[in-house]
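Asks: Protein chains in written order, with the numbering used here: chain S, 1 to 289; chain U, 290 to 1053; chain Z, 1054 to 1214.
If you are wondering where the hints come from, they were derived from the structure by calculation, not from laboratory data. From a predicted model like this one, the values you see are computed outputs, not experimental measurements. By construction, the Cβ of each residue, glycine as well, lies at the ideal position given by its N, Cα and C atoms. There may be inaccurate statements among the hints.
Unchecked claim - Which residues of chain U face chain Z? A partial, calculated answer using Cβ under 10 Å:
1) Arg353
2) Ser354
3) Asp356
4) Ser358
5) Leu934
6) Met974
What the hints assert, rightly or not - Simulated coverage check for chain U against chain S, where a stretch passes if three residues somewhere in it have a Cβ under 8 Å from a Cβ of chain S:
7) 671-681
8) 951-958
9) 1025-1035
As the list claims (entries may be wrong) - Partial list, computed: chain S residues near chain U (C-beta under 10 Å):
10) Gly3
11) Ala7
12) Glu40
13) Lys54
14) Lys56
15) Glu57
16) Phe85
17) Thr185
18) Asp191
19) Thr263
20) Ile270
21) Val273
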Amino acid sequence: MEGVRYAAPETLQAAVALLAGATGVARILAGGTDVIVQMETDLIEPALLVDIKKIKETRQIASENGGFRIGAAVPAMAIVTHAAFCKAWPGVVDGVKLIGSIQIKGRASIGGNLCNASPAADSVPALIAAGATARIIGPNGVRDVPVETIPLGPGKTSLAKGEIVVSFLLPPRPAHSSDAYQRFTPRTEMDIAVVGVGISLTLDDRGTCTAARVALGAVAPTVLLVKDAADALIGTRLDEAALDHLANAASAACQPIDDKRGTKEFRVKIAGVLAKRTAQQALDRARKN
Amino acid sequence: MTATILEKSGFNRDRKLKIVGTSPVKHDGIDKVTGRAKFGADLFLPGMLVGKILRSPHPHAIIRSIDTSAAERLPGVKAVVTRDDFPEIKAGTPGGDMTRNAMAREKALYDGHPVAAVAATSESIAKEAIKLIKVDYQVLPHVIDPVEAMKPGAPILHPHVRTKGIKGEDQPSNVIERLDLAMGDVEKGFAEADVIVEREYDTKPIHQGYIEPQSCVATAAEDGQIELWCCTQAPWVYRDRLMEILKIDQAKIRVTQSEMGGGFGGKTGFYGEPVAILLARKAKRPVKITLTRNEVFRATGPVSGTRSRIKMGVKKDGTITAAEAELIFQTGAFTGSMFSNAPQAMFTRYNLKNVKTVSHEVVSNRPKVNAFRAPCVPQVVFGVEGVVDELARKIGMDPIDLRLKNAATEGYKTIYGETFGPIGFVETLQAAKQCDHYKSPVPKGQGRGVAAGFWFNRGGETTGTLNIATDGSVTLILGTSDVAGSRISISMMAAEELGITVDKVRAIMADTHSLGFNRVTAGSRTTFSTGMVIVDSARKAITELCKRAAQIWGVPEEGVTFEDGFCRPASSNVGTFEPLSIAQIAAKTTPTQGAIAGHSEMNVTGAGPGFGLHIVDVAVDKETGRVDVKRYTVVEDAGKAIHPLQVEGQYQGGAVQGIGWALNEEYYYGEDGRMQNASFLDYRMPVASDVPMIGTEIVEVPNPRHPYGLRGVGEVPVVPTMAAIANAIGAAIGIRPQSLPMSPPKLLKLMDDARAKNDGYRSC
Amino acid sequence: MSKKYHVTTTVNGDEYEFLCEAQQTLLDILRDELMLSGTKEGCGTGDCGACTVMIDGTMVCSCLVLAVETEGSRIETIEGMAKGENLHPLQRIFLELNGLQCGICTPGILIAAKALLERNPDPTETEIRYWLAGNLCRCTGYDKIIRSVQAAAKEMRGARS
């Protein structure tokens, strides 16, 4: 019996070569909090694990042109304790905080959270609402793509063989901007989101919303970026009527399933309720910026 | 084994206690906070192999053949075991059920049912060997829900089963038994009632949720001796059952209990143990089997789910005149739910004369249930206490006052035939009315609920030994497992009897060679029964100490008494002698006259029933159905709290288990009959941020049949919990749920349906 | 034979060398190879926290770390919490206030509580509960666990000032 092989390359090129050349099932190992669980429960049997944590580009958080570049393998704890990042993107941080327990956050990464492609991943809606882009390296070179183009369905991404997500870029923040992420779970912690809502918005000097992005998680095979929901906010002061429109648009966009975490009916309802609450929180934060 | 209690229990309300009633650090604690304590999976023997079990992926299938040849050929595999390695025992007998649950014979009866097993030199080889075993299944239709299983035409699990309790029952059935239990005349009782409430309830199976998965190590010698190390609440019961299904002399099996990482009733029956023994015999090396969490969920005993119809009637003055119940309990693939507890206990705290119950136990293609705290009772009390609350509302009476009006007291003859001695239900209710929680106003936006509970508490066959060392320190050999600190409580009672400090006492939990039979550690019997046995042993040791003192002084035995740790002359007539301490007597006489010890075997009776009243405040998010438990108080009668911090811990732990049961815990099955949430991620037990501090009020109405007046406290704390929370939710949203768990989607639907129907509030 | 990896790591200040397969977790190796069985397995999938250890100062579930990833790391387990005969205040106070019943979750909870108090010496009740949300306990209902952490925090703050 061959058994699993483990490699820990120190450069992106070496990692790409290993993955591109793999003959059996290969997996990227960042925090391991999805991959190891899947191995333990016999969902996957990889022949090769490529640990990318020795590659410095995947482990850094740095400012870049007024925005932030976060390595794909940075542990969640490092993100949620980064003071400047928390100030600029509290909604993204809300999502990252909810990936799992303190122990899970000690290892889990947003690269893994995205590429595991669970529709309920907690860091993804806010990242998409933020307009983040992902830098991908592969056998054919480097490309930058909007984060929402990566998940294709449960467990599936648009990455080609040999490609690795290296880092995420979050754009600079205009004044009077902020974001929020809320999710519904039966318990206070430790659950997979039944519905997740990420909203990022910008206000003008008089408090009118000039830009917004609304993303819904756990209500479709991938996170949904809902233009109708954003349009319900843009040009308004997020009054009761606007929030009702937002809620209706969010509920209407859902394509949920019945499963052990929630029914279709419940998810559609909660999407509307949460959209309002998340928008309110983003608004309160934006007014302070 | 004759039924005895201590002739004079010596219970004396005015006795000044020095140790009992304090809360010393438990002696086994130090190993637990340093990681040294040896739990089931913490034994490592030279040459030990890893055992793994192959389990049926089908909920119902005939096993036509099993081909293990490829697995046997895999290098590193040292033994393979199938049903052929188990002795043949007729189906439908207790042994026949036990052996078939340990490993399937004719049929696989649930997803996860063991079918074969291997022992190998590493976990990865064992896992690979399992994959190489080829099983030819003929898949059969399955049935999961017990009501579906009762319908004509449902797939039959056991062709030999004819329902017990129904005359002339001739057809195979999934209904194992129908039990009728009644007293008085309910027709007459309902006719006298001014208000009658009748409701239907349902609850789902839940799991005991112990954090430690079952683990055992088995060693088999060439002469047939078996050594079994395992986490268990019942070493002697395991030994006896192993003897029965593996056909081995009891004396050739020694079961040693490890520290146990939670049991709550779920470790009263074995799983991997017989398999490990058979593997060890074949491999001629020790074999360890540790279940994964997935296996624990799919294949170890959950707690029965139920359907119930409950009807009660009350007069305007608050007297409850009649109670009736129709109950269905699911038991999984084999009988064993202990469902008779339910009709016996469900109404038994109220002074009722007219009660009628009909209960059914039903099998279906799920793992066999196992005990939990107060087996089968909390599920039906969920309904009873809702009906009682509703009766109170309808006649305009305070909910605790209604319970007080009907509270059973000493002399009440129960439906199961026992007459209550002194009990503390009235005192518990009064304490609840007076407690800070109940007296404080309900915070705005929240709802408050109360519910009452009862548990028999048990005695049973128990043995134990107390040894006095030559320096006067004391060792105890106990037969029951330490599920929650009973070792220290029993050590405290020994120290109190002997007039020494508790630091001079150390206790161990014995293996099955070291003591006679001990019944299972369950029924909240441990501190009570083993305490009784150790007190008896201590008094026997004291008699021997006095004999020796008499010899030292050259006086008759009657001339010596024992008081406060010293033997003294009984009066000045006997003579003037310096009192002798236990240490002095032991040091002086042990070398010449032998060890000083006391030993006791009893079938302990006289257990005092326990009662509780829980008070809960909840807030419900009306847009999402999410429940937040804001404040919780357990008021319960402990008789005498030997170790108050331990007793509080039992109350708090039971309450939080009940919160999980009430709000989020359940098994999800797919159409394919497989459990979908076999992990702690989706089997949602409360986490630290889900619950508040749990207030406790310990009421003490002593049980005079125990030397220290104690009553068991382990089970009552779970009994009223779900009912109290449901009553609180009812107060908060105007609808009292009738189905567990009260998860957000279900509550939201309840609220939305009510709004749509414009029922107004108080549909119940 | 499946491929084995040679790893050198430090546990509780002692250097250890071992061989492991790639899929074996740190938890497997701690218990089965290094004979440090104080760290417990409750679920194997990161949902219960019984296997909590510290790696290079970060609190993690050891069931979700491959042993092979720990080359050159500094690991702390429950066996290293007491210093000789001196229990850590958390260990002592858990005993005094009955913060444990069966004790299976206790090693994980102690490691987690110690990590909290090193970062936040004066946590609120809510902060303690959320920090410990990844550590399941079925016996205690969490009440006495939280009180023990609060009492230890108070004592440790007093000792510092």
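Asks: Does each hint hold? Answer for all of them.
Replies: How the hints compare with the structure:
1. Arg353: With a closest approach of 33 Å, the Arg353(U) hint is violated.
2. Ser354: 31 Å, violated
3. Asp356: 25 Å, violated
4. Ser358: 22 Å, violated
5. Leu934: Holds. Min distance 4 Å.
6. Met974: This interface hint holds because 6 Å falls under the 10 Å limit.
7. 671-681: violated (count 0)
8. 951-958: holds (count 3)
9. 1025-1035: holds (count 3)
10. Gly3: 7 Å, holds
11. Ala7: 19 Å, violated
12. Glu40: 8 Å, holds
13. Lys54: 26 Å, violated
14. Lys56: 33 Å, violated
15. Glu57: 32 Å, violated
16. Phe85: Status violated, d = 24 Å.
17. Thr185: Interface hint status for Thr185(S): holds (9 Å vs cutoff 10 Å).
18. Asp191: Holds - the Cβ of Asp191(S) comes within 10 Å of chain U, reaching about 7 Å at its closest.
19. Thr263: 5 Å, holds
20. Ile270: 6 Å, holds
21. Val273: 5 Å, holds
Hint violations for this structure: numbers 1, 2, 3, 4, 7, 11, 13, 14, 15 and 16, all remaining hints satisfied.
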